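Visitor: Below are the chains, spelled out letter by letter.
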Amino acid sequence: MNPIEIESITKKYRIREKGYNWKKNLKQLLKIEKQDYLTALNKVSFSVKKGEIFGILGPNGAGKTTLIKILAGLLLPENGKAAINSYDIFKEREKVRTSVNILMSGGWVVFDYKLSIYNNLKFWGVAGGLRLDEVKKRIEDVLKIVGLDDKKDDFPENLSAGLRQKMNLARCLLSDRPVYLLDEPTSNVDPYSAEFIRKFIKDMKKNGKTVVLATHNLWEAELLCDRIAILNRGNILALDNTDTIKKRIGKEILTVELEKITPVLVKEISSFGFVEKTIEEKNRLNIYGRIKKNVPTLIDTCRKHTNIISVDIKESSLNDVFIQLITEKEKAMVIK
Amino acid sequence: MKHTLSFPEKLGVIWVYLGRRAKLWLRFKISFVFSFIAMFVTIAIFYFMSLFVGSVQSDYYNGPFFTFVLIGLAVNQYMQTTLNVYLNTMHSIYWSNRLEIVLTSPMRLKTFFSSVMTWTYLYATMNVVFYFIIGIFVFGAEFTFPATAWIVIPILILLIISLSGIGLISASMFMLVNAKGDIEPIGWGVATISGLVAGVYFPPKYLPAPVQMLSKILPQTYAIDAIRRVLLNGEGISSPSIQLTIVYLIVFSIILLPLGMFMFNIGIRKAEKEGTLARWM
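Order-wise, the sequence lines are chains A and B.
Here the numbering used here is used: position 162 in the first sequence is 162, and no number is missing along the way.
Converting from the second sequence to the numbering used here requires adding 1000 to each position, the first position being numbered 1.
No wet-lab data here; the hints were simulated from the structure.
As the structure is a prediction and not an experimental result, all values here were calculated from the model.
Even for Gly, the Cβ is constructed at its ideal location relative to N, Cα and C.
It is possible that part of the hints are untrue.
[What the hints assert, rightly or not] Using C-beta positions, here's what the derived DEER-type ranges look like:
1) B/V1129 / A/K50: 55 to 61 Å
2) B/V1129 / A/E7: 58 to 64 Å
3) A/I15 / B/F1052: 56 to 62 Å
4) A/W219 / B/M1126: 51 to 57 Å
5) B/Y1123 / A/I32: 40 to 46 Å
6) A/K23 / B/G1054: 45 to 51 Å
7) A/D154 / B/G1063: 52 to 58 Å
8) B/V1129 / A/K27: 44 to 50 Å
9) A/Y37 / B/T1004: 30 to 36 Å
10) B/Y1123 / A/K27: 36 to 42 Å
[Said to hold, decoys possible] Think about it this way: if two alpha-carbon atoms lie no more than 16 Å apart in a straight line, the pair counts; the simulated EDC-like pairs of lysine to aspartate or glutamate are:
11) B/K1273 / A/D36
12) A/K12 / B/D1182
13) B/K1273 / A/E78
14) B/K1010 / A/D133
15) B/K1270 / A/D112
16) B/K1023 / A/D112
17) B/K1002 / A/E92
18) A/K267 / A/E280
19) B/K1110 / A/E94
Generate the whole structure from the sequences, applying the supplied hints.
Guide: Below, the structure is given as C-alpha cells:
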C-alpha cells in the first residue's frame, strides 16, 4: 500500500462573519441557525508512492494547506477515504499525526524567542519520543544537517528568516518519520537558504522518505517533484509528472520572425485546424497549437507571403500550463 | 515512529518543560521581582485591614481576621489557577501555533497539559508558601498547624479535580463558541463570583440568603471552610463537617470532571472539523 492514499476527499469551511458574535456562534453550535459553507476541496483523489516527491501547486486559496492538514490528520474532511501510512484518517487520527512530519511556512513561531535553539529543540525532541539521554546527540546531529551547529546557543529572536526556517526544519527532523508534509518551505527565505532546503528535500527522497510539497513556486516544483497536482478552488485540474502535463495540456509555440506580417498571412495560418491561436509582436508571429508535426506547412505558408528572418520553436513551460489551466477554469466559472 | 510515550518518557517531557519554564521565568528577572512585591503588598493590605476589622466570629473560629483571610488567599491561589490554567494554555498554544505541533507529537495534548499544570501548581504553591512566610514571620499571623493538617492535601486535590471540570468547560468554549478574547464568560463568571460568595475573604453567612444559596453550589465554598476548620480549629478526618466536605467534593468531581473532559473533547473535534486548531490556515 502506498504511504498516502486519498479518495474523493471533500472539505467545506463554515463562512465566518466579520468580528465576533457570541450569540450567533452559540445558535449555530446548537443548530438553531443555519451556516453557510465554502468548498475548500472537492472530491480530491490521489496516491503518493514511497520515496516520491509529490507537489501540490495552486494559487492562493486553492486548498493546498487544507490538503496538507488533512494528510497530517489535523483537519477532518466531510467525506471521502484517506489512509496515511496505512492509518485511516477518520478512525486512527492520532496514529496518522505521529507518522508524519509537518513543516509549515513560518512554523518557527512555536519557538520561545527567549530560549536558545538547543533548549527549544530539547523540549520538542523529548515530546517527539526521544529519551533524555539521546536528545542531546540527536539535536547536535540535526543542527549539523541543517547547518546550524555553530548557532545552538543563539536565540531565535536574533536569527534571520532563513535561519529560523532552518531551525524549524531541525525541529521537524528530530523525529524520524516516513512522510514529510512541507507547506511552502522556501517562502520568505533568501535564495541561498532556499537552495539549501531544496537540496535537503532531494536528500529526503534519497533516504526513502515520501515528501508532499505544497508550493506556488512552479520552478521549484518542476525541479523537485516526481509528480504534481495542480489545484484550484479545491479541484484537481491536472495530476501527473511535469513533462506529461506539459505535453498534454501545454502548447507548442512557433515564433517566426518575418519581414512583414500581413492580415492575409495571419488569416491563412489561423485557418489550419492544428493552430489554436496566433499572437503578433512587431514583426514576430507566435503560433500556438499542435505545431511540431506541421512546421513545414507553416514555414511554406509564411514563405508564400514574405521573407522569413528566423524561426524558433518551443514548448509551454510549467508556468504557462499553470496559468493556462487556472485561466480556463476561472473563465468557465464566470460563464457558469 | 512512536505513536505514544511510555510513562517515564512522559515524565521526561514534564521534566524538560519545567526546566524550560524555569529558565524563561528567571530570564525575566524584573517581572519575577515585581510579582513578589505585589504579593507582599497584598498581604500587607490584608494585615492592615485586619487591624481595622479585628476578629472574625464563626461557628468554629474566633480569632484575628488576618489569619482567617490568609487561608482564604492561599486556597484562592489554587482555585484561580485551576479555573484559568486550561483556558490560558489553550490561548497560549493557539496563538503561538503550537497546538498542531503538540498534536502531531506522541506526547499528545494530555502530557502537554500535565506539563503546564505541574509548572502552574508549583508556581501557585511557591506563592502560597511565600504568603505564609510573609504572613507568619513579617506580620505575625498565628498558626498552630495541628497534626491533622495533612487532610488539607486531599481536600485541595479534590478541589482541584472538581474545579478542573469547570476549567475544562471554560477552555472548551474557546473552540466551541470561538471565545478567543481575553474573557471567557463561564470561567470568568465562576472565578469572579467565587471571590464574593465562596468565603475567600469573609464567611458566607454574612451574605443575603439568596446569594448564600449560590455559594452552596460551588465546590470551593466547602473546601475553603474545611481547610479553615483544619488549620484554625484543629479538626481532622473524624470531624463530620470534614467528612461531609470530602463527600461533596467527590460528588462535584464525579459530575464536573467528566463533563469538562467531554466538552473539551467536543471542542477539539469541532476545531479539527473547522480547521481552527491553528491561528492561521
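Visitor: Are B/K1010 and A/D133 close enough, with their CA atoms no more than 16 Å apart?
Guide: holds (14 Å)
Visitor: Honestly, do B/V1129 and A/K50 meet the 55 to 61 Å range at C-beta?
Guide: Holds, at about 56 Å.
Visitor: Could one say that the CB atoms of B/Y1123 and A/I32 fall in the range 40 to 46 Å?
Guide: Cβ of B/Y1123 to Cβ of A/I32: about 42 Å, so the range 40 to 46 Å holds.
Visitor: Given the hinted pair B/K1273 and A/E78, is their alpha-carbon gap at most 16 Å?
Guide: holds (8 Å)
Visitor: Hey, B/K1002 versus A/E92, does the alpha-carbon distance stay inside 16 Å?
Guide: holds (14 Å)
Visitor: Between the alpha carbons of B/K1023 and A/D112, is the straight-line distance 16 Å or under?
Guide: Satisfied, since the Cα-Cα distance of roughly 11 Å is no more than 16 Å.
Visitor: Going straight from one Cα to the other, do A/K267 and A/E280 come out at no more than 16 Å?
Guide: holds (12 Å)
Visitor: Cβ-Cβ distance between B/V1129 and A/K27: within 44 to 50 Å?
Guide: Taking Cβ atoms as reference, B/V1129 and A/K27 lie about 47 Å apart, which means the hint holds.
Visitor: Given the proposed pairing of B/K1273 with A/D36, does the C-alpha separation stay at or below 16 Å?
Guide: holds (15 Å)
Visitor: Given the proposed pairing of B/K1270 with A/D112, does the C-alpha separation stay at or below 16 Å?
Guide: violated (28 Å)
Visitor: Can the restraint linking B/K1110 and A/E94 be considered satisfied, given a maximum Cα separation of 16 Å?
Guide: The hint holds at about 13 Å.
Visitor: Taking the beta carbons of B/Y1123 and A/K27, is their distance inside 36 to 42 Å?
Guide: holds (39 Å)
Going down the numbered hints, you'll see the structure goes against 12 and 15, while the others check out.
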